[in-house]
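**Student:** Each chain is listed here by its residues.
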Amino acid sequence: MSVEVGGPAAGRAGGVRGRAVLERVAGSQVVWIALVLAAMLAAFAMLRPHSFATGFNLLNLVSDAAILLLLAVGMTFVIITSGIDLSVGGVLVFSGVTAAKAMGAVGAESGTALWLGPVVAVATGLAWGVLNGAVVAYGRIPALIVTLGTLGMSLGGALLLTGGVDLRASGRLNLGLGLDRDLGVPDIVWISAAVTVALAVLLAQCRFGRHTYAIGSNTEAARRAGVRVERQLVRVYGLAGLLAGLAGYLSLAKYGITGVSAHSTDNLQAIAAVVIGGTSLFGGTGSVLGTVIGVFIPAVLQNGFQILGVRPFWQQVVVGAVLIVAVYLDQWRRRAGDR
Amino acid sequence: MSGERGGAETPLLEARGIVKAYGHVEALRGADFAVHAGEVVALIGDNGAGKSTLTKILSGVERPDAGTILLDGAPVAFDRVERAREAGIETVHQDLALCPQLTPAANFFLGREVLRGGPLGRLGFLDHRAMRERARAECERLGVRLRSDTVPVSTLSGGQRQGVAVARAVAWARRVVFMDEPTAALGVVQTGRVLDLVRRVRDSGVAVVLISHNMQDVKAVSDRIEVLRLGARVARFATARVSMEELVAAMTGATSDAVSDSPSDVSDGAAGRGAEGVRGEAADDAGGEGR
Ligand SMILES: Nc1ncnc2c1ncn2[C@@H]1O[C@H](COP(=O)(O)OP(=O)(O)O)[C@@H](O)[C@H]1O
Ligand SMILES: [Mg+2]
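Chains A and B supply the protein sequences, listed in that same order. Note that numbering that gives the first Met the number 0 gives residue 276 to position 277 of the first sequence, counting from 1, and the numbers run on in steps of one. Note that numbering that gives the first Met the number 0 gives residue 113 to position 114 of the second sequence, counting from 1, and the numbers run on in steps of one.
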């Protein structure tokens, strides 16, 4: 006996499965954007083999993208719950400022500062993220509004703490972590890559990820299935804040200053990367791998255009168009899936 | 199983005087309900009578404003879904409550994921294979066949989705399954299969509360019928003893002995009469009914 309705005869099941797999591969945005990225890399490499396709240039490109990648990975979790986090740039700056202040307080060049700095940055980011999550989950205020509010609060707070003058990182940090390399790759890239891989596994293989998807897919169904929706939301926004805090510390190390006014569009860049990477703004689907590709498409475009001598403003135009196409594809797939 | 259901037997799950309002809408106004071990109770009533609301309250999804829930005669607070689950109660909600982007197996195990053994498990790593295999096995055991267990639920037909939701509830239920219009999206053949499943669940010792608008189905599968109208129970019947006309009359309030328009009057009269009939009837009847 079977409750299945309109199912195919058993004999056809094999063919159907094969087609389903094909459809899933073809319908997966990650595959398409990976091809787009590969095509872009190939095009720039052919056009400028001696300047674009060099280890030096590509390493630069990756190291510029490493910090944005952290923000975008946190944003991936948030958007999968069908939320949004506009505050990441502000939290990044605020965390960099508190870290710089704390390091200054214990002696910026001291050994203590080198472990206190990251701890303070990460804890500060986590606190902002937990605040976001708690207000979204328990206060039932739309994430767009909550995180717009905390964006203003954290940026304003950073300006208050610094008096509007950027704080400098200690030489030990800026010349140390900011420049250190292992196997020729900057440590900042290693850190970002390690965190990204760990979180990709968390999302795809762990209960944490499963509950994140479930909330974005159907919050009420998740709740009825016994998922602690509010607690999970606090954790997800907390994770995004923590990553912004870490990004703030790495940014302090890399650029040597807190960059109070340099991060006002970080949130949009991170969101664009996530969406280009195939994560749906409606929640329930997405992947860290897609986000990685989504971070690199704008980065490669910018780098390639620079090398080609195309005016850099074109990068913004093209990325904007890619973003719209990505959202269009997502909606198209949703409609197709609903049928 | 039916022999144990004597007149004095405590219901497995009972609701007394449940009140629930959404803003100004009074979904339940002192509703009573009872289900005994091993029986199929049909919960019927017009649209908006409060059937789904009562189901949600008895499965811990919503909290009542007033009233008591009794499990084996003892008051319980179903303030979270987990509480009802711990009591062995599972529910097929009217809207199915599935996550469309997740696979059937992921939906099946949502909220009670199987983790891998060892240190990875403590880190929260999912045992995908165990869940897939168990979900498939449970579905097959219950006669629900899934074409593929790796595609998201959103790609399944309405009937298949209903199959997943029903199989999930039935597989986990130890004492009671609520099915809120489980055949709404189904054709005749598939409906027949769900009704078969209802009987088999009952025969396995799990009570079933079936909500349906189809009186033929209700008469075919239930042992007893409770009627909800305007947020309160207005009648109870032993299925074998009641006519279609009586059911319709109770649902619409046109009961012959409903001299007053007040639902509570109707409730007292009909419930008192129904209760007696039920106890006598169900015991005689349950074994003889065609399965
Ligand atoms: N979440 C809700 N918000 C507002 N009103 C609701 C809600 N759920 C149910 N109701 C109202 O409560 C009444 C009972 O609904 P319901 O329990 O779904 O009835 P039934 O399942 O018997 O058709 C209806 O008037 C309905 O509009
Ligand atoms: Mg209903």
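Just so you know, these hints were derived from the structure itself, not from any lab. In this text the structure is predicted, and so the values were computed from the model without any measurement. Check the hints yourself; a few may be wrong.
As the list claims (entries may be wrong) - Rough simulated footprint, nothing fancy, chain A against chain B, three-plus residues with beta-carbon under 8 Å:
hint, segment
1, 80-91
2, 200-214
3, 241-253
Claimed, not checked - To list a few chain B residues with every Cβ distance to chain A over 12 Å, as calculated:
hint, residue
4, P10
5, A33
6, A65
7, A73
8, D94
9, P151
10, A164
Backbone N, C-alpha and C define an ideal beta-carbon position, used for all residues, glycine too.
**Student:** None of the hints should be skipped; say for each whether it holds.
**Tutor:** Verification of the hints:
1. 80-91: holds (count 4)
2. 200-214: With 0 residues closer than 8 Å to chain A, the segment 200-214 of chain B misses the three-residue bar; violated.
3. 241-253: Per the Cβ count (0), the hint is violated.
4. P10: Fine: 24 Å to the nearest Cβ keeps P10 (chain B) off the interface.
5. A33: holds, 23 Å
6. A65: Non-interface label stands for A65 (chain B): nearest chain A Cβ at 23 Å, farther than 12 Å.
7. A73: holds, 23 Å
8. D94: violated, 8 Å
9. P151: violated, 8 Å
10. A164: Violated: least Cβ distance 10 Å, not greater than 12 Å.
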